[in-house]
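Undergrad: Those sequence lines, one after another, are chains Z and R. Mapping to our numbering: the first sequence position 255 is 255, numbers consecutive. Mapping to our numbering: the second sequence position 145 is 456, numbers consecutive.
Hints are supplied without guarantee of correctness; some may be wrong.
[As the list claims (entries may be wrong)] Cross-link-like lysine-lysine pairs, in silico, DSS-like; alpha carbons within 25 Å at most: (1) R/K550 to R/K472; (2) Z/K105 to R/K582; (3) R/K471 to R/K529; (4) R/K455 to R/K319; (5) R/K455 to R/K663; (6) Z/K218 to R/K863; (7) Z/K105 to R/K731; (8) R/K550 to R/K375; (9) R/K631 to R/K472.
Read the hints as simulated data drawn from the structure, not as lab findings.
If you want the building blocks of each chain, they are given just below.
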Amino acid sequence: MEMQKTRFNFDFMSKRKVGLVVSSLLIIMSIISMSMEGLTFGIDFTGGTLIEVGYSESVDLDSIRTSLSNSEFKDAVIQYFGSANDVLIRIPPSEGLNNADISNKILGLLTDAGANIEMRRIEFVGPQVGEELKDDGGLAMIYALMGIFIYVALRFQRRFAVGAIAALVHDVLITLGIFSITHFDFDLTVLAAILAVIGYSLNDTIVVFDRVRENFHKVREATPIEIFNVSLNQTLSRTLVTSLTTLFVLAALFIFGGEIIHSFATALIIGVLIGTYSSIFVASPVTLALGITREDLMPVQKEGADLDTMP
Amino acid sequence: MNRYSPWKYSFIIFLIGLGVLFALPNLYDKDPSLQISASGASEISELTEFQVSTALEEAGIAFKSIKVGLENLTIRFDDTGTQLKAKTVVEKSLGRNYSVALNLAPATPDWLANFGAEPMFLGLDLRGGVHFLMQVDMEAAVSKAEDRYMSDLRSILREKKVRYKTITRYKTGGLLVRFKDDDERNSGQALIEDEFQELDVTILEAGSDESQLVAKLKDQVVLETQKLALQQNITTLRKRVNELGVAEPVIQQQGLSRVVVQLPGVQDTAKAKNILGATATLEFRMVDEDHVAQDAVDGRVPAGSKLYYQRGGQPILLEKQVMLTGDSIIDAASGIDGLSGQPNVTITLDGKGAKRMSAATRDNVGKRLAVVFIENKVEVVEENGELVEKKEIIEEVINAAVIREQLGKRFQITGLESTKEARTLALLLRAGALAAPIYIIEERTVGPSLGQDNIDKGFNSVLIGFALVLVFMAVYYKVFGLIANVALALNLVLIVALLSLLQATLTLPGIAGIVLTVGMAVDANVLIFERIREEVRNGNSPQASIHSGYEKAFSTIADANITTLIAALVLFSFGTGPIKGFAVTLSLGILSSMFTAIMVTRGLVNLIYGGRRIEKLKI
Numbered sequence: 001m002e003m004q005k006t007r008f009n010f011d012f013m014s015k016r017k018v019g020l021v022v023s024s025l026l027i028i029m030s031i032i033s034m035s036m037e038g039l040t041f042g043i044d045f046t047g048g049t050l051i052e053v054g055y056s057e058s059v060d061l062d063s064i065r066t067s068l069s070n071s072e073f074k075d076a077v078i079q080y081f082g083s084a085n086d087v088l089i090r091i092p093p094s095e096g097l098n099n100a101d102i103s104n105k106i107l108g109l110l111t112d113a114g115a116n117i118e119m120r121r122i123e124f125v126g127p128q129v130g131e132e133l134k135d136d137g138g139l140a141m142i143y144a145l146m147g148i149f150i151y152v153a154l155r156f157q158r159r160f161a162v163g164a165i166a167a168l169v170h171d172v173l174i175t176l177g178i179f180s181i182t183h184f185d186f187d188l189t190v191l192a193a194i195l196a197v198i199g200y201s202l203n204d205t206i207v208v209f210d211r212v213r214e215n216f217h218k219v220r221e222a223t224p225i226e227i228f229n230v231s232l233n234q235t236l237s238r239t240l241v242t243s244l245t246t247l248f249v250l251a252a253l254f255i256f257g258g259e260i261i262h263s264f265a266t267a268l269i270i271g272v273l274i275g276t277y278s279s280i281f282v283a284s285p286v287t288l289a290l291g292i293t294r295e296d297l298m299p300v301q302k303e304g305a306d307l308d309t310m311p
Numbered sequence: 312m313n314r315y316s317p318w319k320y321s322f323i324i325f326l327i328g329l330g331v332l333f334a335l336p337n338l339y340d341k342d343p344s345l346q347i348s349a350s351g352a353s354e355i356s357e358l359t360e361f362q363v364s365t366a367l368e369e370a371g372i373a374f375k376s377i378k379v380g381l382e383n384l385t386i387r388f389d390d391t392g393t394q395l396k397a398k399t400v401v402e403k404s405l406g407r408n409y410s411v412a413l414n415l416a417p418a419t420p421d422w423l424a425n426f427g428a429e430p431m432f433l434g435l436d437l438r439g440g441v442h443f444l445m446q447v448d449m450e451a452a453v454s455k456a457e458d459r460y461m462s463d464l465r466s467i468l469r470e471k472k473v474r475y476k477t478i479t480r481y482k483t484g485g486l487l488v489r490f491k492d493d494d495e496r497n498s499g500q501a502l503i504e505d506e507f508q509e510l511d512v513t514i515l516e517a518g519s520d521e522s523q524l525v526a527k528l529k530d531q532v533v534l535e536t537q538k539l540a541l542q543q544n545i546t547t548l549r550k551r552v553n554e555l556g557v558a559e560p561v562i563q564q565q566g567l568s569r570v571v572v573q574l575p576g577v578q579d580t581a582k583a584k585n586i587l588g589a590t591a592t593l594e595f596r597m598v599d600e601d602h603v604a605q606d607a608v609d610g611r612v613p614a615g616s617k618l619y620y621q622r623g624g625q626p627i628l629l630e631k632q633v634m635l636t637g638d639s640i641i642d643a644a645s646g647i648d649g650l651s652g653q654p655n656v657t658i659t660l661d662g663k664g665a666k667r668m669s670a671a672t673r674d675n676v677g678k679r680l681a682v683v684f685i686e687n688k689v690e691v692v693e694e695n696g697e698l699v700e701k702k703e704i705i706e707e708v709i710n711a712a713v714i715r716e717q718l719g720k721r722f723q724i725t726g727l728e729s730t731k732e733a734r735t736l737a738l739l740l741r742a743g744a745l746a747a748p749i750y751i752i753e754e755r756t757v758g759p760s761l762g763q764d765n766i767d768k769g770f771n772s773v774l775i776g777f778a779l780v781l782v783f784m785a786v787y788y789k790v791f792g793l794i795a796n797v798a799l800a801l802n803l804v805l806i807v808a809l810l811s812l813l814q815a816t817l818t819l820p821g822i823a824g825i826v827l828t829v830g831m832a833v834d835a836n837v838l839i840f841e842r843i844r845e846e847v848r849n850g851n852s853p854q855a856s857i858h859s860g861y862e863k864a865f866s867t868i869a870d871a872n873i874t875t876l877i878a879a880l881v882l883f884s885f886g887t888g889p890i891k892g893f894a895v896t897l898s899l900g901i902l903s904s905m906f907t908a909i910m911v912t913r914g915l916v917n918l919i920y921g922g923r924r925i926e927k928l929k930i
């Protein structure tokens, strides 16, 4: 049987060393940044109070700082949110503050300062809840990876599962790294986005693996490297088109979805780009490096049967 | 080749029909309305309906409709201005036994509502409102139960003439009873074990120049106490929410010791916080007139008494024995005292409480009775370098008045700071005390304008993202792209229908999930179409290409979607509120896209190309 014609004919696998270097560099950078800088956790994880206040006209941040500086909220971080009419005030959890009252007091102080304000959002997270969310988030990621590993190992083969998980860990680490380097706020929605990235990147990887499995069954005289190359080329246009449509909607979310959804969209855009790259340059090379062969994909009990009758 | 049987088409049309039907209610606007529910002994009936409609007619306020439901009465209005005016009128006419809440009632036409089709719920981030996560203080619940046993132990030991010295709280929990000698202790132990099955009694041998025993609640009883405390708290919170007048509140247990409270549309979060979290309750204790309070301040507190402070800061000694707690109060109303012009609260006791009150006051005319106001607060403090929440109980004597006559079922208390305080206290007493203190450990409040902003922005991004994908697909895959677009639109309809059918809550992350689904739903079609193109390139006939394109893509689509579904399910089981919303829409989107992207597009392709000779595919 001859190799099928494909629209593309890139020799991805010969570049896999380059991919390895690039990925390793990115991961090392991410790990360094995370251990030095850490993530800029939002109040979802650190605990604290966040108040979004809408002003009827644009407002000077310094005037707000002045009205708060004489109060017990000296540590408040004040910044614009989206526009100059919208202000975000963050208060870290601190000693001697009665949590549930903080927002009332702040709104009172701002109103006393003569401003015409409107409460848009209050978020208060107790330190204990924040700690739990951090733990649960980490656990969620580990459970998702475990569930996926088991499914892929059953449906394909153990080596594929390792390859897929390697790609996912790669994506998560680098996305976290970028959030660490850029000091973007890491809140609950970003955690959700990263889990969605896991799902998305896996989608890409599975499509490639599915083709690899099919080609192993179909094409008998080809090395595993050739099989992976041909499979990647065959699925390349699909990979690109799907990434593109997903990026379209993410761009719409990023631009029109408003400030609250911003970090979420950012994380997903980064994740989709890295996920697309990793399904080509991480998942497949790792599976190859683990020494995947045609025999690995043949059901054990049917060994020796006529391969052409296989579906 | 490439034909669907009529039953397959009927199945597709049937499912789509259902989808459209259930998605339809979301297109209708919502009416500003009042939701009236009964609190306390009153009931909602035709009579209430008559009373309300007469009151509105008399006030010249026009309403769209009035409808008696199972537990509430809904009146619809044309605009929010009328709604607000009507609220005042209705409240006045019905009085305190009903709670009147502002609401937006879905204007689903009757024929749709009869199918059970209702619009989906909007989350708090979209409609505005407050979300609280509250922690029930279980330790306090248990020590409160122990308190009850403390007075029971005292009276039974006294009654049976067992001579004990003191009963105090033991450092590791439980009650420490000190006896005169071992004999007394042994008979005490026998008595307690006999009378109180719920207590475990152990004898303390250490440092035994004294005879002591510790009575502790059995583990089973502790668990039951905690469970009961949580349930009682939920009931009390429900009553308080009713007093606040909130439509469609959510009050739910979360885990073993937490309660979620969601109040849609609430603007005055400060008030909501104060009233929900307040553990304010009253205790009535006799004033210890035999000792001097100043001695107690210097550290010599007489046995049987406890040191309190009055509002002004003066110390006062009260008897340890509680005469009456807030639990016996069945009604409380705030008002102004006719003589002094001071704010007061008129309290009505239940039968048992009234009996105790009259027995206690009969023997104590001329002595002072103190009203203790108890409130719990939480503060964050630093401990060993870590920030922890610390609980603080504030106990204040708000009033210590001479008993002039025997008190009974109804009496007044004064000594309150303002009419506002009187009103809040009356509300809290009416709704009942919390069985255990409760603390807000998470709050998420969204103002109404931000909610509308979020809806608009979410809707816009869905629309724009959707349009971009439609254009791209049509250009890139031509006829097949248009087919995929039809499927994509149906997918949106189906997601909305499923969300409405499940009465799931749509949140902003939920909208993000829908947007993401739109992007990913085309994936299935991209996989199929790319496969068909490949087959065509390999020289297969158009019909055969379509057939094997769908065939071969199927297992890939299934694998890819199942793995994404695993991630979504994990998200759902670990996430809280907003994350759950995202996981729900993502999962529903994946499921419905399997139907639309595979079955619906195949049906359309078969309809267009099936069973005839084609030279070239437009793909």
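Undergrad: All the hints need checking, so say for each whether the structure fits it.
TA: Okay, the hints, checked on the actual structure:
With a C-alpha separation of about 44 Å, the suggested pairing of R/K550 with R/K472 is violated against the 25 Å cut-off. Pair hint Z/K105 plus R/K582 holds up; C-alpha atoms about 13 Å apart against a cutoff of 25 Å. A C-alpha spacing of about 24 Å is found between R/K471 and R/K529, which places the hinted pair at or below 25 Å, so the restraint holds. Under the criterion of a C-alpha separation no larger than 25 Å, the hint pairing R/K455 with R/K319 is inconsistent with the structure, at around 65 Å.
Under the criterion of a C-alpha separation no larger than 25 Å, the hint pairing R/K455 with R/K663 is consistent with the structure, at around 20 Å. Restraint check: the Cα-Cα separation between Z/K218 and R/K863 comes to about 13 Å, which is no more than 25 Å; the hinted pair holds. Taking the CA atoms of Z/K105 and R/K731, the gap is about 18 Å. The hint holds against a cut of 25 Å. For the hint linking R/K550 to R/K375, the alpha-carbon distance of about 29 Å lies beyond 25 Å, and the restraint is violated.
With a C-alpha separation of about 20 Å, the suggested pair R/K631 and R/K472 falls inside the 25 Å cut-off, and the hint holds.
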